[in-house]
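Chemist: Spelled out, the chains give:
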Amino acid sequence: MKVGLLYSRIRRDEKLLLSELRDRGHEVAKIDVRDEQFGLSDPPESFESVDIVVDRCLATSRSLYITRFLDAYDVPVVNSAATADVCSDKVKNSLALERAGVPTPATEVAFTTDSALETIEAFGYPCVIKPVVGSWGRLMAKVESRSAAEAILEHKATLGHYQHKVFYVQEFVEKPGRDIRVVAVDGEPIAAMTRSSDHWLTNAAKGADVQPFEVDDRVRELVATASEAVGGGLLGVDLMETGVSEPDDSETRETGSHADYTVHEINHTVEFKALNDAVDVDVPAAAVDWLESNVERGTEATV
Amino acid sequence: MADMITTEDPLTGEEIEIPADVEAGEIVDSPATGAELEVISVDPVTLEEAPELEEDWGE
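Protein chains in written order, with UniProt numbering: chain F, 1 to 303; chain H, 1 to 59.
Just the calculated beta-carbon pair ranges, DEER-fashion: (1) F:THR242 / H:ILE40: 45 to 51 Å; (2) H:GLU49 / F:GLU300: 45 to 51 Å; (3) F:THR242 / H:ASP3: 45 to 51 Å; (4) F:GLY39 / H:THR12: 39 to 45 Å; (5) F:SER293 / H:GLU14: 45 to 51 Å; (6) F:ASP35 / H:MET4: 24 to 30 Å; (7) H:ALA2 / F:ASP114: 54 to 60 Å; (8) F:THR112 / H:GLY13: 50 to 56 Å; (9) H:ILE40 / F:PRO103: 43 to 49 Å; (10) H:LEU11 / F:ALA100: 45 to 51 Å.
Rather than coming from a laboratory, the hints here were simulated on the basis of the structure.
All figures in this text were calculated on a predicted structure; none of them were measured in a lab.
Every residue, glycine too, gets a C-beta built ideally from N, C-alpha and C.
Using the sequences and the hints given, assemble the complete structure.
Modeler: And the structure:
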């Protein structure tokens, strides 16, 4: 098959994918989105004869528009424009999870600093303010007092971009020092890991310690439902354990003694290098298996 | 150890060594200054200063 790999920066994740695709003898067209122009009717030359495009854009804005263009040109792309649209925006993400009945942290959105402060006071302290579009834990704020809330809201209101005036406020979930990242294809887990840190943010991009995590039936069920809720694809589903009786007890962490999970985020251009290093599963190989089956299904559908 | 190649650091003009298997679009750290450099082409390898992190970057 011929795969178009959309990129603007080749991370180790993309190198792993490229290597797996080439090792299997697939033709790969690396398409640097910075070099392309998109018209309304026909795809740019770089997309000609590709069987499938893999969106690995680092910039969310580019990912959103290019997947829309590819949809319009009838060029198959993973993940889809619809999935990118939901996953790239925390409000849409939360609404999709809630609608699907997936436990997700209580969230409210307000549009002025006064109403946001009311929301924060109603949640109580600590609570969390997140940017509606953003990644790698950037600009996330754990709000521990009214005075901190006032300062953060004032800063956000003066940051400039209108998105910072969409105040996304969330309950603070008392997790046991870690969260869980599951990488899945169309709701089927490839592998999972925990991300632990002394900091309240446990993103691997922030240097959290990662360990393999064995997916249990409940996680499997939640990942399948969450994936469907956002339109499926190659996704990173992030969960936290809730109701942990003794959050600081290492034995509790290992045995997973907790009441349930909550899904706080689904990522549509998922990074998997840390997971690939943490587990025995070959994550890029599983992703390429999935790409091959996508192309096979597409070919069958057109015969 | 991975095979290395020698190329020019665009910021300092110094000769630097980077992995031979770099891809266009990849970011390498300059061993001379620690600055992030983007691989612009691979045949021959040319580097430029990498773009600054932008707000909508991520996964």
